[in-house]
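Q: The primary structure of each chain is shown beneath.
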Amino acid sequence: GQQVMQIPQYQHVQEGEDFTTYCNSSTTLSNIQWYKQRPGGHPVFLIQLVKSGEVKKQKRLTFQFGEAKKNSSLHITATQTTDVGTYFCAYSGAGSYQLTFGKGTKLSVIP
Amino acid sequence: ETGVTQTPRHLVMGMTNKKSLKCEQHLGHNAMYWYKQSAKKPLELMFVYNFKEQTENNSVPSRFSPECPNSSHLFLHLHTLQPEDSALYLCASSQGSSGNTIYFGEGSWLTVV
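Chains as they are written, first to last, in this note's numbering: chain A, 1 to 111; chain B, 1 to 113.
Derived by calculation from the structure, the hints in this document are not laboratory data.
All clues given are correct.
Quick look at which bits of chain B chain A covers, simulated, 3 or more residues with Cβ under 8 Å: (1) 43-52; (2) 104-112.
Quick list of the computed label-pair ranges, beta carbon to beta carbon: (3) A:E67 with B:L27: 32 to 38 Å; (4) B:T55 with A:P39: 31 to 37 Å; (5) A:T82 with B:L88: 20 to 26 Å.
Glycine residues also receive a C-beta, built at the ideal position from the N, C-alpha and C atoms.
Just chain A, same shape as in the assembly:
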């Protein structure tokens, strides 16, 4: 079956440093979504990528979908303490309501 691996599991950075989390699939994905969960909070949708090679930006966040649609990344430039939380990638199969989440990358930012 389809498997999505998310790495790293944890990342500690100094404030101002960059951060990247990756999701890698064993098979081609139709689309991929990214969510952020603040400590004590609930997952909140960030973005969806659909097209091969797609790149989207939200301020300091850059999202990429690989050419083969098997991997995706979220890059944060110059992290701030407000970036703290767990970042999840998620995907669903065609025609399915089931959204499968990666295990998440927990980001800590040291001020």
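With chain A fixed as given, assemble chain B onto it according to the hints.
A: Below, chain B without anything else, positioned relative to chain A:
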């Protein structure tokens, strides 16, 4: 305000108790979900309802019993739970088929003693 409201936010129950979690979505969506989040399994899908019909049941033990009376309301009935069932239970909703954004409620923190 997420558009998905869950009650109670915190629940402590004994292993012989019967309790229910409630979820209501105000987004006009047709699909609703229950997810379980614990330290061992970050986000684990439990049940999916589409137009109040159950479409997915991910091998969830029968001590968890969902109920979806209409597209806006979802319940999770709990009985004879185990301490390992302690977790954050997240309700969510979405519109349409795969690839649509899922909107989560703030969750219900459940502790089984």
